[in-house]
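Asks: Each chain, written out:
Protein chains: 2
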Amino acid sequence: MSLTLKILGCSSARPTPDRYSTAQVLNVLERFFLIDCGEGAQINMRRYRVNMLQINHIFISHAHGDHFYGLPGVISSMSMQSRTSDLHIYCNERLAELLNATVNIGDSPLGFNIIFHHLTYKNGLTLLYEDDKVTVHSFPLRHRVPTCGFLFREKPKLRHLNGVLANELEIPISKRFGIKQGEDYVASDGTIYKNEQLTTPPDRLCSYAFMSDTMKLPKAVPWIEGVDLLYHEATYGEDNKKRAKDNCHSTAKQAAEIAQAAKVGKLIIGHYSNRYKDLQPLLDEARTVFPETYLAKDGEEFVVK
Amino acid sequence: MSLTLKILGCSSARPTPDRYSTAQVLNVLERFFLIDCGEGAQINMRRYRVNMLQINHIFISHAHGDHFYGLPGVISSMSMQSRTSDLHIYCNERLAELLNATVNIGDSPLGFNIIFHHLTYKNGLTLLYEDDKVTVHSFPLRHRVPTCGFLFREKPKLRHLNGVLANELEIPISKRFGIKQGEDYVASDGTIYKNEQLTTPPDRLCSYAFMSDTMKLPKAVPWIEGVDLLYHEATYGEDNKKRAKDNCHSTAKQAAEIAQAAKVGKLIIGHYSNRYKDLQPLLDEARTVFPETYLAKDGEEFVVK
Numbered sequence: 001m002s003l004t005l006k007i008l009g010c011s012s013a014r015p016t017p018d019r020y021s022t023a024q025v026l027n028v029l030e031r032f033f034l035i036d037c038g039e040g041a042q043i044n045m046r047r048y049r050v051n052m053l054q055i056n057h058i059f060i061s062h063a064h065g066d067h068f069y070g071l072p073g074v075i076s077s078m079s080m081q082s083r084t085s086d087l088h089i090y091c092n093e094r095l096a097e098l099l100n101a102t103v104n105i106g107d108s109p110l111g112f113n114i115i116f117h118h119l120t121y122k123n124g125l126t127l128l129y130e131d132d133k134v135t136v137h138s139f140p141l142r143h144r145v146p147t148c149g150f151l152f153r154e155k156p157k158l159r160h161l162n163g164v165l166a167n168e169l170e171i172p173i174s175k176r177f178g179i180k181q182g183e184d185y186v187a188s189d190g191t192i193y194k195n196e197q198l199t200t201p202p203d204r205l206c207s208y209a210f211m212s213d214t215m216k217l218p219k220a221v222p223w224i225e226g227v228d229l230l231y232h233e234a235t236y237g238e239d240n241k242k243r244a245k246d247n248c249h250s251t252a253k254q255a256a257e258i259a260q261a262a263k264v265g266k267l268i269i270g271h272y273s274n275r276y277k278d279l280q281p282l283l284d285e286a287r288t289v290f291p292e293t294y295l296a297k298d299g300e301e302f303v304v305k
Numbered sequence: 001m002s003l004t005l006k007i008l009g010c011s012s013a014r015p016t017p018d019r020y021s022t023a024q025v026l027n028v029l030e031r032f033f034l035i036d037c038g039e040g041a042q043i044n045m046r047r048y049r050v051n052m053l054q055i056n057h058i059f060i061s062h063a064h065g066d067h068f069y070g071l072p073g074v075i076s077s078m079s080m081q082s083r084t085s086d087l088h089i090y091c092n093e094r095l096a097e098l099l100n101a102t103v104n105i106g107d108s109p110l111g112f113n114i115i116f117h118h119l120t121y122k123n124g125l126t127l128l129y130e131d132d133k134v135t136v137h138s139f140p141l142r143h144r145v146p147t148c149g150f151l152f153r154e155k156p157k158l159r160h161l162n163g164v165l166a167n168e169l170e171i172p173i174s175k176r177f178g179i180k181q182g183e184d185y186v187a188s189d190g191t192i193y194k195n196e197q198l199t200t201p202p203d204r205l206c207s208y209a210f211m212s213d214t215m216k217l218p219k220a221v222p223w224i225e226g227v228d229l230l231y232h233e234a235t236y237g238e239d240n241k242k243r244a245k246d247n248c249h250s251t252a253k254q255a256a257e258i259a260q261a262a263k264v265g266k267l268i269i270g271h272y273s274n275r276y277k278d279l280q281p282l283l284d285e286a287r288t289v290f291p292e293t294y295l296a297k298d299g300e301e302f303v304v305k
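If you read the sequences in order, they're chains A and B.
Take the first sequence: its letters are residues 1 to 305, numbered as in the numbering used here.
Take the second sequence: its letters are residues 1 to 305, numbered as in the numbering used here.
Think of the hints as simulated: they come from the structure by calculation, not from any bench.
Treat the hints with care, as some may be off.
A pair counts as met if it fits within one copy or between any two copies, since identical chains are not told apart.
No more than 25 Å apart at the CA atoms, straight line, and that leaves these computed lysine to any residue pairs for SDA-like [as the list claims (entries may be wrong)]:
| no. | residue 1 | residue 2 |
| --- | --- | --- |
| 1 | K175 | R49 |
| 2 | K277 | G299 |
| 3 | K219 | N195 |
| 4 | K297 | L279 |
| 5 | K242 | L110 |
| 6 | K245 | I105 |
| 7 | K277 | L87 |
| 8 | K245 | L110 |
| 9 | K194 | E257 |
| 10 | K155 | S2 |
| 11 | K277 | P17 |
| 12 | K219 | P291 |
| 13 | K175 | I114 |
| 14 | K122 | S82 |
| 15 | K297 | P17 |
| 16 | K297 | R49 |
| 17 | K219 | E168 |
| 18 | K297 | P156 |
| 19 | K297 | D18 |
| 20 | K297 | T16 |
| 21 | K242 | N162 |
| 22 | K297 | Y48 |
| 23 | K245 | D107 |
| 24 | K216 | M80 |
| 25 | K241 | D107 |
| 26 | K242 | G106 |
| 27 | K175 | I115 |
| 28 | K219 | S174 |
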């Protein structure tokens, strides 16, 4: 498996014992990304066996408390566990200043550096993070304060070279990487072997998009098109459609409409208002539009293989 | 009953699902005081049915995260529940600035005023709060950063006047309040009635002292002498006595020695290090010195009648 999403909190503004505020840990090829960090995130990391020291990159969608009040606790606890490696936090500039002041108010300097990356909220996809196998982009959402969604993708992989055939044809090692990238092969006698003869397609790429908090935002569809997994807030049901609009949130049906338009694999809804003790109506509402919808719940894990 | 203490968190630095960081709600004659506010305090308020809107005064002992990271969440949730009445917070000056910045970073102005009172950490008892029936004082503890303990006391009550006798003697109404305060009564014929003949002692006064975080501090004994209930940190047992000293904390035995010297009614220990999965050894250790010792646990309630 190459992508696992663990939900640490699925509530909107006010956390409850069963529904903490928004926080998730995404594992893409053993890179662990923390997405938002509501109050109690470190407690649920402990409850659901997430090793916080594996997390090197934290993405905070916006500066509403239910998305970042758990961050000082996570940072402090990382330090108490003798973390030394850099921690990268992607958030807005004012929040970065505030977090710095918060974790430095005591007498215990952190044992590691925090490197803040300021979100720009620019239109379209903006590259935030890249390594040899994974990219992370932000894209703007529409909420009451500047807010970003995040797109996590595996990088394009190499095609699989038919090793037996390559040996038969005596393809030099120096040529093989190019062929895996899609090149044809010209033998020493001038024969051209088309790439399709020599290779099979690469493994498919896993991808995940996170959209919270936001009004229904059709213009985001091209940015998240075809992702395996989409998390989209569904703070309300259609019974509170006006309230959703007034507060710049979405209904479960609207989330499903976005999922359908973007042809995603699965939709996960979350960020529920406390008024919904029973979440089944929200799930039912979304599934009328997009059957592959699932409920985020604290401790729940979603795996893309 | 006139004094009830509800424990919302009993852990030291790193909270766990069963032991949140330090937070307590004290009810003295229907005044609700929040003492420290570690991460997740609002979640445990919900779990243990504490109405946060009844809290008007919050006391933060010191600026270590495990004693205040839950405060922004409590404040935000109070506002979301349409609080309008003033909220008084007693803490150090830098922490006050930080809290202000934190709760104001979003776009939702609070619906009520926060009035900050800066702790001075002066030697002896310093009056922080007073109404017609209750006083709250701070007193300095000895920790790695400036830290206060807090003393909550009912104010001296009036003596009980023997109403039958007062009527027989035809004591004027105008004299009766003075007699309840301890005055003798001189009748119109010059006869002197000693106060002890006319009254019985007032109801006893309830009191509670909070001491966390601190090294063993014998000089605090006179400040807390005779309280009904003493909460004293016991981060470690004697097995970690050196570590306790190095980190400016106490052992369970040291907490018990303070309780014994101050002749308190009951001792509650808490602020446990995570290394103690089983708390019984800490309790046993304290009880060898002070038998009336009890363990703080999340959700536990202590009542003084």
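Asks: Look at each hint and say if it fits the structure.
Replies: Cross-check of the supplied hints:
Taking identical chains as interchangeable, the C-alpha atoms of K175 and R49 are never at most 25 Å apart, the minima being 45 Å within one chain and 70 Å between chains. Taking the closest pair of Cα atoms, K277 and G299 come within 25 Å of each other both inside a single copy (18 Å) and across two copies (23 Å). In the homo-oligomer, the alpha carbons of K219 and N195 never lie at most 25 Å apart, since the shortest distance is 37 Å inside one protomer and 84 Å across protomers. Proximity of K297 to L279 under the C-alpha cut-off of 25 Å is restricted to the intra-copy arrangement: shortest distance 10 Å within a copy versus 32 Å between copies.
For the homomeric pair K242 and L110, the shortest alpha-carbon distance between copies (23 Å) is at most 25 Å, but the shortest distance inside one copy (45 Å) is not. Taking the shortest Cα distances, K245 and I105 sit within 25 Å of each other only across copies (22 Å), while inside one copy they are farther apart (39 Å). Within a single copy, K277 and L87 get their C-alpha atoms no closer than 37 Å, and across copies no closer than 30 Å, so neither meets the 25 Å cut-off. When the C-alpha separation of K245 and L110 is checked against a cutoff of 25 Å, the pair qualifies only between copies, where the shortest distance is 22 Å, while the shortest distance within a copy is 42 Å.
For a Cα distance limit of 25 Å, the shortest separation of K194 from E257 qualifies neither inside one copy, at 41 Å, nor across copies, at 86 Å. Taking the shortest alpha-carbon separations for K155 and S2, only the intra-copy value of 12 Å comes in at or below 25 Å, while the best inter-copy value is 65 Å. In this assembly of identical chains, K277 and P17 lie within 25 Å of each other by CA distance both inside one copy and across copies; the values are 12 Å within and 22 Å between. For the homomeric pair K219 and P291, the shortest alpha-carbon distance inside one copy (22 Å) is at most 25 Å, but the shortest distance between copies (68 Å) is not.
Taking the shortest alpha-carbon separations for K175 and I114, neither the intra-copy value of 42 Å nor the inter-copy value of 70 Å comes in at or below 25 Å. With identical chains, the CA atoms of K122 and S82 are never at most 25 Å apart, being 36 Å at best within one copy and 35 Å at best between copies. Taking the closest pair of Cα atoms, K297 and P17 come within 25 Å of each other both inside a single copy (12 Å) and across two copies (17 Å). Proximity of K297 to R49 under the C-alpha cut-off of 25 Å is found in both arrangements, the shortest distances being 15 Å within a copy and 23 Å between copies.
In this assembly of identical chains, K219 and E168 lie within 25 Å of each other by CA distance neither inside one copy nor across copies; the values are 51 Å within and 89 Å between. Neither within a single protomer nor between protomers do K297 and P156 lie at most 25 Å apart by alpha-carbon distance, with minima of 31 Å and 52 Å respectively. With identical chains, the CA atoms of K297 and D18 are at most 25 Å apart both within one copy (8 Å) and between copies (20 Å). Proximity of K297 and T16 under a CA criterion of 25 Å is satisfied in both settings, with 12 Å inside one chain copy and 19 Å between copies.
When the C-alpha separation of K242 and N162 is checked against a cutoff of 25 Å, the pair qualifies neither within a copy, at 58 Å, nor between copies, at 65 Å. For the identical chains of this complex, K297 and Y48 are neighbours both inside a copy (12 Å) and across copies (22 Å), given an alpha-carbon limit of 25 Å. Taking identical chains as interchangeable, the C-alpha atoms of K245 and D107 lie at most 25 Å apart only when they sit on different chains, with a minimum of 16 Å there against 45 Å within one chain. Within a single copy, K216 and M80 get their C-alpha atoms only as close as 41 Å, which misses the 25 Å cut-off; across copies the closest is 24 Å, which meets it.
Within a single copy, K241 and D107 get their C-alpha atoms only as close as 48 Å, which misses the 25 Å cut-off; across copies the closest is 22 Å, which meets it. Taking the closest pair of Cα atoms, K242 and G106 come within 25 Å of each other only across two copies (22 Å); inside a single copy the shortest separation is 44 Å, beyond that limit. Within a single copy, K175 and I115 get their C-alpha atoms no closer than 40 Å, and across copies no closer than 73 Å, so neither meets the 25 Å cut-off. Proximity of K219 to S174 under the C-alpha cut-off of 25 Å is found in neither arrangement, the shortest distances being 44 Å within a copy and 79 Å between copies.
Checked against the numbered hints above, the structure violates hints 1, 3, 7, 9, 13, 14, 17, 18, 21, 27 and 28; every other hint is satisfied.
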